[in-house]
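S.K.: Start from chain G and add chain D according to the hints.
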Amino acid sequence: MNDNYLVKEEAYPARFANKLTMGMPLSEYARKLVTPFNIVAAILLSVGLPLIGLRFWQGLATVTHASNEYPWSILLGWGLFSGVPLSGTGYVMATAVYIFGFKKYHPLVRLGVLTGFMGYLFAVIYLLIDIGRPWRIYYPMAVSFGPTSVLFLVAWHVATYLTVQLLEFSPAILEWIQARRTRKWAILITVAMTIAGVILSTLHQSALGALFLMAPGKLHPLWYSAFIPVFFFISSIYAGLCMVIAVSTIGARYLREKADHRFLDSLDGLTVGLGKAACIVMFVYFALRMIGVAHDDNWALLLSSSYGYWFLTEVLLFVLLPCVVLTVGVKLHSARIVRVGAFHAIAGVILTRLNISILMFNWNLPGHFQAIVPPAREVAIVLSIITLHVLIFRWILNRMPVMREDPAYLEDGH
Amino acid sequence: MEKPVKDARSGSERDERKAGRRTVNRRDFLRGMAVAGGAAFLGTPTDVEALHDLSGWPDRMGMLTDLTECVGCRSCESACNAANGLPAPEVPFDEKSVFERKRRPTASAYTVVNRYGNPKGSGNPIYRKVQCNHCEEPSCASACPVRAYTKTPEGPVLYDKDVCFGCRYCMVACPFYAPAYDYESALEPKVVKCTMCHGRIKAGGIPACAGSCPMGAITFGRREKLLKIARDRIRKFPDRYVDQIYGEYEAGGTSWLYLSGIPFGELDFPTNLPRKPIVENTKGFLSAVPLVLTLWPALLGLCYAANRNKEEKG
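In order, the protein sequence lines correspond to chains G and D.
Taking the working numbering, the leading residue of the first sequence gets 110, the next gets one more, and so forth.
Taking the working numbering, the leading residue of the second sequence gets 2, the next gets one more, and so forth.
Since the hints were made in silico from the structure, they are not lab data.
One or more of the hints may lead you astray.
What the hints assert, rightly or not - To give an idea of the chain G side of the interface with chain D (calculated C-beta under 10 Å), a few residues:
hint: 1; residue: L163
hint: 2; residue: T171
hint: 3; residue: A175
hint: 4; residue: F209
hint: 5; residue: F211
hint: 6; residue: S253
hint: 7; residue: L262
hint: 8; residue: A305
hint: 9; residue: M323
Where a beta carbon is used, it is the ideal one built from N, C-alpha and C, also for glycine.
Chain G on its own, in the form it takes in the complex (with noise of 0.2 Å):
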């Protein structure tokens, strides 16, 4: 075959150069970093990696709230327990289109298994800043076993799911080195990996929830559910599909000339199915998280005080109201309604896991809500590790293959 042969002319440090300069010389491609959105991102960072820094010079105290009545902050309320549901992107594409057959879902999948594998990256990341001692991170999986506990669980399956995206996204990789022969290899083990990753998911997912199993005192009664890992589950399923309609449409707007023609012109058709999936998820949900209000008969609480105004808010507001508006636009079929519900389901997944592991957690303790607002510290710092995120999603959209194929393997459908 001819394909290597143009590539094979250059140096193998030229051609890598090439590669991560997107074929510009290094100063055209040095002046086309400065743009408002980079130097934005570059303050942000000045003022969060400093922080990070600091957390480990001076301990946990000088930039968290964290305390002993409220060990979890929003480190972990934002990083883990909401960043973990929204990267179920990568588990619902695969099992769309390689488990059940959606193929014409097909152009979305990368993107979809990239959203899910940073998602996870990330979790890590906020962990390793949240914990006591991060390079004691593996104890879990090598020193010392804790089987009755769900921590126990998640950890093996977060770490084993992150490897498993890892391998899933692979084939992006390689096309992007041209290491054709290794990428077959990687092809070969897709369906596996998918299974493995659902399996994973269905654990892991439902596990986040059931870790509050564990303080039926202190998370209020509304919240607290012997369900609770099954609302985390569901509603990782249409967190995944409502992401992968966000990251498109943003992708598809900032990132347009990294995008091919298939994935452009399927975009508006596919993002409607993706908000019929996500609707039909979402009254589910909807319909669950109403039954745990009558397994507990916690109908009283509803009207009785603001947390069960509040808990109205979040299942009415932020689950049925998106997820009418979804329906909506699936009826008209309108991209553009879908993807304002999408948002909107978005905002009502990250308000519940918040709700779960920061603003209901210990509600009956005075001072409540003094203690869960995050000091400035910990927002920089969450805000410059969301600010390496898109920084670092968006470096390997612009170079591989993600958001299009690569000409040079169409022909095998992956």
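M.R.: Frame of chain G, contents of chain D only:
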């Protein structure tokens, strides 16, 4: 599989494990086997932990705190501080101003005493001693992903900083807000909590706080015996005590037992706790794990096979 765990533990703890009754050994054995058998993927043998009979370990000790006797002298705080070599407090132990706000155990204090107004109006304030309650079936231990906690046959629940990686899930899981964390330490933070003076008990002594109490408000002894004493007191002085021994059943029961003259809820004791051990709440979830692991591949494999054929036929 057990080896790294044991290596990470101190020699004395290893001896304790050997000295423990058979229940402990069998439990460890089963747990070790389960881990070796791939428990990481097959979910977790919760039943081994959660189902064991709480009537085991007949020799376990406890502490009975009679809050009607406590006068808030803070001798117990001072004795605890000395016995455990903790840093000197910011406010000296004979200073009463600390009662102006509610405190909790911290990284530098295993136990604290708080003051409450007396709703019966008799003028004397009520004092409550707070520390780790040493649950019979500790949430912290079952929540810990690295098994840094051990429930000893003598009663105390011990923490091992050598395997802890600082996730603080034990603090989320503890219904009594007992474990404190060393947030000030950048690189070697640890969880800090009362050890019920385990070393002293093993040597035949009594915990420092119990030994130092001038009012005899803290009684150390076999848990069964303490329950009997507590019941006797309630029967003899029904006007003096509320008819409840806090810790007898809360969260499956604790080694620390309390008697009070006013309802426990008014003294910030959690009153919304289940009578069964809290780890029971995760049992249903954990037992569903093997089902997912075995059913999903089969179902998804079938789906894949069906859809692949469909595609081929056009």
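S.K.: Is the shortest C-beta separation between G:L262 and chain D less than 10 Å?
M.R.: Interface hint status for G:L262: holds (6 Å vs cutoff 10 Å).
S.K.: Per the CB criterion, is G:S253 less than 10 Å away from chain D?
M.R.: Status holds, d = 4 Å.
S.K.: Less than 10 Å between beta-carbons is the criterion; does G:F211 satisfy it with respect to chain D?
M.R.: 9 Å, holds
S.K.: When the nearest CB of chain D is found for G:F209, is that gap smaller than 10 Å?
M.R.: Constraint on G:F209 satisfied, holds at 6 Å.
S.K.: Closer than 10 Å between Cβ atoms is the bar; does G:M323 clear it against chain D? Give me holds or violated.
M.R.: Interface hint status for G:M323: holds (4 Å vs cutoff 10 Å).
S.K.: Let's test the interface hint: is any C-beta of chain D closer than 10 Å to that of G:T171?
M.R.: Nearest chain D Cβ about 8 Å off; hint holds.
S.K.: Would the hint on G:A305 be counted as holding, given a Cβ-Cβ threshold of 10 Å to chain D?
M.R.: It holds, given that the least Cβ distance between G:A305 and chain D is near 8 Å, below 10 Å.
S.K.: Hey, does the G:A175 contact hint survive, CB to chain D under 10 Å?
M.R.: 6 Å, holds
S.K.: Go through the hint on G:L163 and say holds or violated, using the shortest Cβ distance to chain D against 10 Å.
M.R.: 9 Å, holds
The structure agrees with every numbered hint stated previously.
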